[in-house]
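K.L.:
Line order of the protein sequences matches chains A and B.
Here our numbering is used: the first residue of the first sequence is 26, the next is one more, and so on.
Here our numbering is used: the first residue of the second sequence is 87, the next is one more, and so on.
It is worth saying that the hints were derived from the structure and are not from the lab.
A couple of the hints might just be wrong.
Stated by the list, open to error - Computed cross-link-like contacts, PhoX-like style, restricted to lysine-lysine with a CA-CA straight-line distance of at most 20 Å:
{"hint": "1", "chain 1": "A", "residue 1": "Lys-270", "chain 2": "A", "residue 2": "Lys-344"}
{"hint": "2", "chain 1": "A", "residue 1": "Lys-158", "chain 2": "B", "residue 2": "Lys-386"}
{"hint": "3", "chain 1": "A", "residue 1": "Lys-369", "chain 2": "A", "residue 2": "Lys-270"}
{"hint": "4", "chain 1": "A", "residue 1": "Lys-153", "chain 2": "A", "residue 2": "Lys-139"}
{"hint": "5", "chain 1": "A", "residue 1": "Lys-129", "chain 2": "A", "residue 2": "Lys-158"}
{"hint": "6", "chain 1": "A", "residue 1": "Lys-160", "chain 2": "B", "residue 2": "Lys-386"}
Said to hold, decoys possible - Here chain A is said to cover these stretches of chain B; the calculated rule only asks that three of the stretch's residues, wherever they fall, bring their Cβ under 8 Å from a Cβ of chain A:
{"hint": "7", "region": "277-285"}
{"hint": "8", "region": "288-294"}
{"hint": "9", "region": "298-309"}
Where is the CB? At the ideal position from N, CA and C, for every residue including glycine.
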Amino acid sequence: MAEVAYVNASRIFSGNPPVRAVDQLQLDVADGEFLVLVGPSGSGKSTALRMLAGLEDVDEGAIEIGGKDVTNVPPKGRDIAMVFQSYALYPHMTVAENMGFALKLRGVAKAQIKEQVAEAAKMLDLTKYLDRKPKALSGGQRQRVAMGRAIVREPSVFLMDEPLSNLDAKLRVETRANIAALQQRLGTTTIYVTHDQVEAMTMGHRVAVLKDGLLQQCDTPRALYDHPANAFVAGFIGSPAMNLKTVPLTAEGAKLDGIVVPLSRAALDKASGESLGEVTFGIRPEALALVSSEEQGMNMTVELVEELGADALVHGAVKIGEGTERFVVRVDGRTPPTLGQQVKVAVRDTTEIHLFHPESGDRLEA
Amino acid sequence: MRRFLDRHWYAYAMVLPVVVVIAVLVLYPLAQGVYFTFTNINEANIANPVLDRAASYVGVGFRNYLKVLSGDSSYGAFWSTLLRTLVWTFGCVFCHYTVGLGLAMLLNRQVRGRALYRVLLIVPWAVPAFISAFAWKYMFNAQFGIVNQVLRAVGLPGPVWLGQSDLALLAVVIVNVWLGVPFMMVALLGGLQSIPADLYEAAEMDGATPWQRFRHVTLPGLRSVSSTVVLLGIIWTFNMFPVIYLVTGQNPNTRILVTYAFERFFAGASRDYAIACTYGVLILSVLLVFATVYRRALRKQGEVW
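Work the whole structure out from these sequences, hints included.
P.N.:
What follows is the structure, given as structure tokens:
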């Protein structure tokens, strides 16, 4: 058990110009916490994890595990275990040998290895497969062996690099829950990398969003969803993505297709303080609702309806300023509008509106 | 049957030329060679159209085998020659493998000028074997050879390398190692590159030292490549004629089974074809037995091929 800290840690890949894959990362992970690093491809999340593992150099700053600076400590001295995306199981060893390898290298007695492996196998439902080679296992079983290999060592930190991305959708959801439960039970500090924001939201105690090597925001899933720090986080977290449109600003609010959506005083003050004529207006699909034609709202032409069963996603075009913008609205799945239909869309609650600086993308209002 | 032919005639037609070629080039000579081992055929009694002489050799049953297997030195001292062949084969293949693996490991990482090294290391393979053999023969020359010049330059005695001593065997082993390493290196480099990098990372996370990573990741990862190239190497070296014959000629200290078969066939007062063929059949049998045992041993270890 240990806390983990990135202290302004950077990883710079040589090249012309050099690439800052991870740029001045400042992140503290509490003991026993499940932290998810999430971001699009190339955001540096895997590099950040590998820096913690010791597989990647730290060019600037430091990394601390359990309060000790481990920046220059090789992986074997860090007391960490890692689950790889490809699982990286040793193909010539049986499941039991794979799981016990680290213990064997450490010179643990055979009987004790066997006992610890058996215990981990029981936890992961692998007891039946202990004598098999990885080749003879299904994808889900291999994934569990990779988990088992990490658990057996009882490390102070688990690192997981997209461990679910090679599983099919159903198994992924199942395994997601299992990993979260397992982590809860073991109480081991866990850093988990994924590009899937649903995984991030459902598993993490806290989620750190990265983009281009820079930490955008690190907070609880709920806080990320409710108060994204900038337009990138707003668009990245939540599925389907938040509607983010640049709209003209008036003295009362934002102008959308003739109607003016009232905005909070604080936000308006901040915008006028920076003398912005436009603002990036964000509203989640579930914060929009279809209303009857008498009520006030934006006129939208339905272009696509995605029926998900419980609800439906309506994609449509709305006039904003000179051009049109596409909006997504989450509606009741039982009564979706039809293609080409004209519907009226209103904001459910003005507190669910997010405003961002049109250039920097930073959140306006606290 | 008709339907079978109707459906598959094309496949058989395609295979036929190969079957004919193999039958003519391999099976017929093989059968004839085996037949000769049961006769006393030699230069004196073979059919000779120039002298207008009909064949007069007769069957002798297993007598050729008895003569050879008795280990009599007038029939090539079979058992000691076999022993020397085994020493030669395993000595060469062991060095091929270890040196080839070492070089492959050096080349399997980012080094400046990697492509150049790769080409240079393949050169021995690209040069025709007889040219290399002659080059080495001169390099081993006791008086003028570069090997002895270097040895003398550092104050060591320059021995007679290719004389009537076991040094000659060492010399041909060195030549053959030089010739055989590139093949091993290329094959093993291919094998090394097929080992996923994250296995090494996983082993590093598991706390493995570089040596342990080599033992538990590299060697097992190379196993299928290794088992194939080692088998090939053993078969090739067992029958490696040109190097020995061109470097040391008919030196009894470097005599292996296949060079003795050649000597018996082409040299000596009476060219004894029957004994040469007997040697050929015995070599074939030894290799067949070896390959079978080898494969069985691999299968026991869970290798499938």
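K.L.:
Taking the hints in turn, state whether each one holds.
P.N.:
Here is how each hint holds up against the structure:
For the proposed pair Lys-270 of chain A and Lys-344 of chain A, the alpha carbon gap of about 11 Å is at most 20 Å, so the pair holds. Between Lys-158 of chain A and Lys-386 of chain B the CA atoms are separated by roughly 15 Å; this keeps the pair inside 20 Å, and the hint holds. For the hint pairing Lys-369 of chain A with Lys-270 of chain A, the CA-to-CA distance comes to about 18 Å; that is within 20 Å, so the pair holds. For the hint linking Lys-153 of chain A to Lys-139 of chain A, the alpha-carbon distance of about 14 Å falls within 20 Å, and the restraint holds.
Between the alpha carbons of Lys-129 of chain A and Lys-158 of chain A the distance comes to roughly 18 Å, so the proposed pair stays at or under 20 Å and holds. Note on Lys-160 of chain A and Lys-386 of chain B: the hinted pairing holds, with a Cα-Cα distance of about 17 Å set against a maximum of 20 Å. With a threshold of 8 Å between beta carbons, the proposed coverage of the region 277-285 of chain B by chain A holds, since 3 of its residues qualify and at least three are required. As drawn, the region 288-294 of chain B meets chain A at 7 residues by the rule of a beta-carbon pair under 8 Å; at three or more, the given contact holds.
Using a Cβ-Cβ cut-off of 8 Å, 6 residues of the region 298-309 of chain B lie near chain A, which meets the minimum of three, so the contact claim holds.
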